[in-house]
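S.K.: Sequence:
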Amino acid sequence: TRVSNELGAGKQQAARLAVYAMLLIVVIEAAFVAITIVLVRSVWGYAYSNDTEVVKYISVMTPLLATSTFMDAIQSVLS
Numbered sequence: 001t002r003v004s005n006e007l008g009a010g011k012q013q014a015a016r017l018a019v020y021a022m023l024l025i026v027v028i029e030a031a032f033v034a035i036t037i038v039l040v041r042s043v044w045g046y047a048y049s050n051d052t053e054v055v056k057y058i059s060v061m062t063p064l065l066a067t068s069t070f071m072d073a074i075q076s077v078l079s
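For the record, in the sequence shown the residue sitting at position 75 is 75 according to UniProt numbering, with numbers rising by one throughout.
Careful, some of the hints might be misleading.
As the list claims (entries may be wrong) - Pair by pair, the computed Cβ-Cβ distance ranges are:
#1 V19 <-> L64: 24 to 32 Å
#2 I25 <-> V54: 30 to 38 Å
#3 V43 <-> R16: 17 to 25 Å
None of these hints come from the bench; they were simulated from the model.
All C-beta atoms, glycine included, are put in the ideal place defined by N, C-alpha and C.
Please model the complete structure; the sequences and the hints are all you need to start from.
M.R.: Structure representation (structure tokens):
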């Protein structure tokens, strides 16, 4: 909304600044979430099952989840 308001007012530089500011905020937040997901990967599986095979599988899959979360956050700003 901020970007479209600035563009509608003819302020291209302000719109560019708004995109850069939001992108910086989202990258920091997404990195925090992705790092947290990776750090708790060996514990997270126990929230769903006590079976060690399931816990190991979840531990293997969490880097993919972290990457997906990071990319999805950035995409939400750039779309």
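S.K.: Decide, hint by hint, whether the structure agrees.
M.R.: Verification of the hints:
1. V19 <-> L64: 24 to 32 Å: Holds - the Cβ-Cβ distance for V19 and L64, about 28 Å, lies within 24 to 32 Å.
2. I25 <-> V54: 30 to 38 Å: 35 Å, holds
3. V43 <-> R16: 17 to 25 Å: 42 Å, violated
The earlier numbered hint that this structure contradicts is number 3, and it is the only one.
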